[in-house]
Structure formats: C-alpha cells, structure tokens
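Enquirer: Be aware that the sequence shown starts at 27, since it is given in my numbering, and climbs by one per residue.
If you're looking for bench data, these hints aren't it; they were derived computationally from the structure. Any given hint could be a false lead.
The calculated label-pair distances, taken between Cβ atoms and stated as ranges, are [unchecked claim]:
#1 GLN44 x GLU124: 17 to 23 Å
#2 GLY64 x LYS110: 16 to 22 Å
#3 VAL42 x LYS128: 19 to 25 Å
#4 VAL42 x LYS97: 37 to 43 Å
#5 GLY64 x LYS108: 19 to 25 Å
#6 GLY146 x VAL85: 17 to 23 Å
#7 LYS90 x THR43: 28 to 34 Å
Bear in mind that the values here come from a model prediction, so they are computed numbers and not experimental data. Where a beta carbon is used, it is the ideal one built from N, C-alpha and C, also for glycine.
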Amino acid sequence: MINSEKSGIAFSVHPVTQDDSQILIEAGFGLGEAIVSGAITPDAYIVSKKDNNIIDVNVNEQTKALYRETKGGNKWKELGEKGKKQILSEKEILKLSEIIKKIENHYGVPQDIEWAFVNGKFYITQSRPITTLRKDIG
27 MINSEKSGIA
37 FSVHPVTQDD
47 SQILIEAGFG
57 LGEAIVSGAI
67 TPDAYIVSKK
77 DNNIIDVNVN
87 EQTKALYRET
97 KGGNKWKELG
107 EKGKKQILSE
117 KEILKLSEII
127 KKIENHYGVP
137 QDIEWAFVNG
147 KFYITQSRPI
157 TTLRKDIG
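Construct the complete structure from the given sequences, taking the supplied hints into account.
Expert: Laid out in structure tokens, this is it:
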C-alpha cells in the first residue's frame with residue numbers, strides 16, 4: 027500500500043453532468059480510503075480535456091486525514107490549518123489530468139480512476155470503466 031500524502035478519485039468523463047469534454051478530479055490529504063468511504067468531503071477540480079484548462083476549483087476543509095501506521099493499520103490524524111488549504115496545486119491538477127487522458131485513451135472507454143501522490147509523484151492504484159454513463163457516451 028502506498029502511504030500517500032494526497033490521494034483521490036478521478037473520472038475521465040464528468041460523472042454527474044456526463045460531459046465527456048470534462049475531467050473531474052477529487053482530492054484529499056492522506057489515504058484514498060477516506061474519500062471512497064465518504065468519511066471526508068474532498069476538493070473537486072474540473073478540467074477541460076480539449077485545452078487542459080482548469081474550469082472549476084472547489085476547496086473543502088478537511089479536518090482529519092487517514093494515514094498508514096508504520097507498524098500496520100491506519101490512523102486518523104487532525105490536520106489543523108493544513109486542512110483549510112487547497113490540496114492539489116494547479117501544476118499537480120494539470121499533470122494528473124494528462125495522466126487521466128492517457129489512461130482513457132489506452133482503454134478506449136471513460137475511466138473511474140483511483141490515484142495516490144507521494145514524494146512529488148502520482149501513482150495510479152486502480153482504473154476501471156465508468157459504469158453509470160448513458161449508453162451514447164464512451
């Protein structure tokens with residue numbers, strides 16, 4: 027397991043609006059399990075696939091983060107002021123959106139992707155087709 031500084035979920039097609047020209051990235055501090063389980067409300071970033079511009083940034087305060095313990099298991103830690111800050115920088119958002127586009131192009135269908143970020147590098151931990159899209163998308 028990657029002991030991530032930041033992690034999240036990304037969709038190569040916006041899953042709510044089903045706009046296939048937009049990427050939705052959700053990010054939180056710590057392990058991605060906190061986002062997947064709904065324990066935290068992640069930041070959300072929307073990026074245009076066409077010109078790789080950030081369309082929208084929605085920052086949510088994160089009071090706690092889940093981190094891996096050195097002896098095994100996970101532990102919640104309070105974030106304090108850090109939790110009020112935007113999680114991914116503009117550069118990180120744009121880098122991740124490029125990775126997402128490559129993954130979608132590789133598989134040929136819209137993807138639901140889980141990712142982790144540690145020591146300045148993104149890791150893709152899972153990618154699967156988005157199953158909730160209209161039939162005419164993807």
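Enquirer: Compare the structure with each hint and give your call.
Expert: Hint-by-hint comparison with the structure:
| no. | hint | verdict |
| --- | --- | --- |
| 1 | GLN44 x GLU124: 17 to 23 Å | holds (22 Å) |
| 2 | GLY64 x LYS110: 16 to 22 Å | holds (21 Å) |
| 3 | VAL42 x LYS128: 19 to 25 Å | holds (23 Å) |
| 4 | VAL42 x LYS97: 37 to 43 Å | holds (40 Å) |
| 5 | GLY64 x LYS108: 19 to 25 Å | holds (21 Å) |
| 6 | GLY146 x VAL85: 17 to 23 Å | holds (21 Å) |
| 7 | LYS90 x THR43: 28 to 34 Å | holds (30 Å) |
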